[in-house]
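J.: These protein sequence lines are chains A, B and C, in that order. At position 270 of the first sequence the residue is numbered 270 (the numbering used here), and the sequence of numbers has no breaks. At position 99 of the second sequence the residue is numbered 1099 (the numbering used here), and the sequence of numbers has no breaks. At position 190 of the third sequence the residue is numbered 2190 (the numbering used here), and the sequence of numbers has no breaks.
Among these hints, one or two may not hold up.
Pairwise CB distance ranges (calculated) [stated by the list, open to error]:
| hint | chain 1 | residue 1 | chain 2 | residue 2 | range |
| --- | --- | --- | --- | --- | --- |
| 1 | A | VAL183 | C | ARG2279 | 39 to 47 Å |
| 2 | A | ALA219 | B | GLN1232 | 42 to 50 Å |
| 3 | C | PRO2004 | A | VAL103 | 45 to 53 Å |
| 4 | B | GLN1232 | C | GLY2182 | 36 to 44 Å |
| 5 | B | GLU1186 | A | LEU12 | 24 to 32 Å |
| 6 | B | PRO1073 | A | PRO165 | 39 to 47 Å |
| 7 | C | ARG2189 | A | PHE288 | 48 to 56 Å |
| 8 | B | ALA1071 | A | GLY90 | 24 to 32 Å |
| 9 | A | GLY90 | C | SER2056 | 55 to 63 Å |
Everything labelled a hint here was simulated from the structure, so no lab data went into it. Given the structure is predicted, the values throughout are model-derived calculations rather than measurements. We treat Cβ as the ideally placed atom computed from N, Cα and C, and that holds for glycine.
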Amino acid sequence: MALTEGTANPRLYLQAQTRWRPIEIAFWLATLLPYALFPDYLSLASQIAIAGLFALSLDLILGYAGIVSLGHAAFFGIGAYTAGLVSKYGWGEPLTGLAIAAVAAGLIGYATSFVICRFRHLALIMLTLGFGLLLEELANSAGWLTGGVDGLQGIHTWKLFGYLPFDLYGRTAYAYALAVLFVLFVFARRLIHSPFGLSLRGIRENFVRMPAIGAPSRAHIRTIYTIAAAMAGIAGALLAQTTETVSLESLGFERSAEVVVMLVLGGAGRLYGGLVGVIVYMVARDQFSGIEPQYWYFWIGVLLVGVVTFLPNGILGGAAKLMSRRSRS
Amino acid sequence: MSPPALAARGLAKSFGSLVVASELEIELPKGVRYALIGPNGAGKTTLINLMTGMLRPDAGRILLDDVDITALPPEQRVQRGLVRTYQITSLFPHLTALESVTLAVCERSRAARAWWRQLAAHGHEIDEAYDVLCALKLDSVCHRLTRELAYGQQRLLEIALALATRPKVLLLDEPAAGVPREESKELFAAIAGLSHDITVLFIEHDMELVFRFASRVIVMVGGRVLVEGTAQEIASDPRVRAVYLGKAPTKELAELRHD
Amino acid sequence: MLPPVFGVLFDGLAYGMLLFLLSVGQSVTLGMMNFINLAHCSFAMLGGYVTVVLMSSYGWPFFATLPCAFIAAALVSVGFERAFFRRLYRASDLDQVLLTIGIVFISVAVAAYIFGTEQRPLQLPAYLRSSLTFMGVRFAVYRLILIGLALLITLALVLGLDYTRFGARVRAAVDNERMARGLGIDVDRTFAITFALGSGLAGLGGALAIEIIGLDPSFALTYLVYVLIVVSVGGLGSISGSFAAAIVLGISDVAGKYYIPQLGAFLIYLVMIGLLMWRPLGLIGRR
């Protein structure tokens, strides 16, 4: 971590940290590979991109601001149902659909953030869990609107930009999801490299100390919670638009838990952690799709115990440690 | 005569039957270096907690430059220039020293609200943070993670964080707690070198440091101000001697000498 | 004649007693170590399956299986405490949540593998399945026994905590762990025993729960939410708080499902969020 000592110009040093590294550029170029190498897996690839965006949105609150949420799928689901309903009732244009979903999820996120920002620890975990469960029950009981357990049917997504249809193989879907993911990733990257991002890390590192340096922590938490909610809403909207269906699972507790698992597997608080974790997790699940879902959860459990016990900072954290050990010796 | 930089009027606080602050009347004139002394449990840290809003008083008012700030939350008091440090080091372990201080500077300049501009674009804030670190001789370790710093450096970083908020009144809770004696002299020399626009109050048990670096002293006992005066007056005050030497000679004396 | 509301109140009370048994251990251990153990209901589920197996495969009478459910859950839980939980007491909330939810997932899968995913009913003797009719309201014998048993246990817990040396140690550790250590109390050992006791009670609760709410592998996850509600609403480390919260929750859940079934569990979550916002440290919160 400690690089050069006593750098003459501290501005340049901090600037250098925000520069795009070659490995990042390589990573984003590699996201185009599925078109050439696995054309049969493009729908999986677009699912991964969507889950990646969802994990990224969770990383902003969990990894950077230290807000442990067990109900983040609520915003994913709000986005999905909003986009689905907008399309079902006659407006299938995808980009504006995303925007509407983002606003809806963001608004609910903003409203709940006033509660969220006042709590930490167990009470916070319980509240996020409670909000998630509440919404799930609400969607379940409002079957006339959401389709209940049968899911929301009758969504039709129009052509992208008016001329690119969403095909069965997911060619358009992947390009669409990937482009949205990339744009929002750049946005998130800028955000965490801003002074506001530094404040978020301060909140994570030492919540109690923040007021003593004059930081309005609650206002910061409200801002980031709203942004993360809107991003999760966009991810949900992407899923609704590309699969043309929304199910109750999209806002269930399992999805909330799953996204935490994926993020932690990759490494929270590292921007790319969520993406790496999502790729590993989703590809593994696809490979083992033959096994019963309840046994799939067995392996997730083993994975969780293993990650917490042996890999506390996720895959990327472990990799960074290996690298620094090698460079030192 | 200009109003005091910081004043407490009739400040009171108790936890159940334990009275930790009782009818406190304190005035800190501008630019003065104050020491706050008293035996353990006298309510010194509680006083700082009350002044800075970490605790809510049962009664009384707190005036910063003649403005009533009793109802303000802690962060707004800091924004108005009333800043504290902690006896038990409370820092940001996984931020570098420069990042920590830049964070404090950005919060003061309100740059921290800007989530659309990169940190590197806020050159003034970074430079200011670096200057604070230079002033406390921390510039050579400014890119180290806080948790990797030596303990004495972490104590200095506590002060650096406070200075980054451009305080008018600085309340230092045992700034040299746990620091070896030689180092603590350097630390106090750094405090003494602060601009005289800043009013400083520090809690300290080492009387040598108190008499060397404070122009006035407040003695607290049992949640009350026992006496307030110049260092010389305090040294010769019989009541202070009674507290420190009379009632529980061995324990309190030991504390005075070694704590 | 009593109006049907008494029947609802009675069922709610029995349900609340069940929730209390399931959650009281969680409350005390959380108050002591601030350790968020989401796997608590896995131990309850274990107790339930012990009873099922002993009754159906070995023909044991129901009441004889209850101590075994208690002991099995207590022993297994203390094994987990030694092996995994112990090293996470100082870890972040997130690590605690992740590890224990991992254990929940594993326990759900293992239970599904061994016992299948369907409900496992109990063959209770006829006298336990009968009911008394008093002034027009039916009171199930099983529920009466459940309430009686839970009240006895509560009394034993409260007295034990107040009047035994061990209870004093537990109270000291919940109140201020560091101070308790300073006084020479072996907090780790006290905690391990408390943890075992609490999980044992959960195991007992799991065994008693089968007749009322059923038992399948998802038990560990479904009732986790209820336990967490009781704990966070009742206040950490507070037996009386958990007791009150469990009764309120049990009655409002049963009443909600009876009077406004279309809302489902919605009402419960709403009540929980409201109470948490009002008193984040619980109804009878400390500090």
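J.: For each hint, tell me whether it holds in the structure or not.
T.: The hints, checked one at a time:
1. Range check, VAL183/A to ARG2279/C: Cβ separation about 43 Å, and the 39 to 47 Å hint holds.
2. Take ALA219/A and GLN1232/B: their Cβ atoms lie about 48 Å apart, and the range 42 to 50 Å holds.
3. Between PRO2004/C and VAL103/A the beta carbons are some 47 Å apart, a value that agrees with the proposed interval 45 to 53 Å.
4. The given range of 36 to 44 Å is respected by GLN1232/B and GLY2182/C, whose C-beta atoms sit roughly 40 Å from each other.
5. The hinted window of 24 to 32 Å between GLU1186/B and LEU12/A holds, with their beta carbons roughly 30 Å apart.
6. The hint said 39 to 47 Å for the Cβ distance between PRO1073/B and PRO165/A, and at roughly 55 Å that hint is violated.
7. Between ARG2189/C and PHE288/A the beta carbon distance is about 42 Å. The supplied range of 48 to 56 Å is therefore violated.
8. Distance hint check: the CB atoms of ALA1071/B and GLY90/A are about 52 Å apart, inconsistent with the given range 24 to 32 Å.
9. Distance hint check: the CB atoms of GLY90/A and SER2056/C are about 57 Å apart, consistent with the given range 55 to 63 Å.
Checked against the numbered hints above, the structure breaks hints 6, 7, 8 and satisfies the rest.
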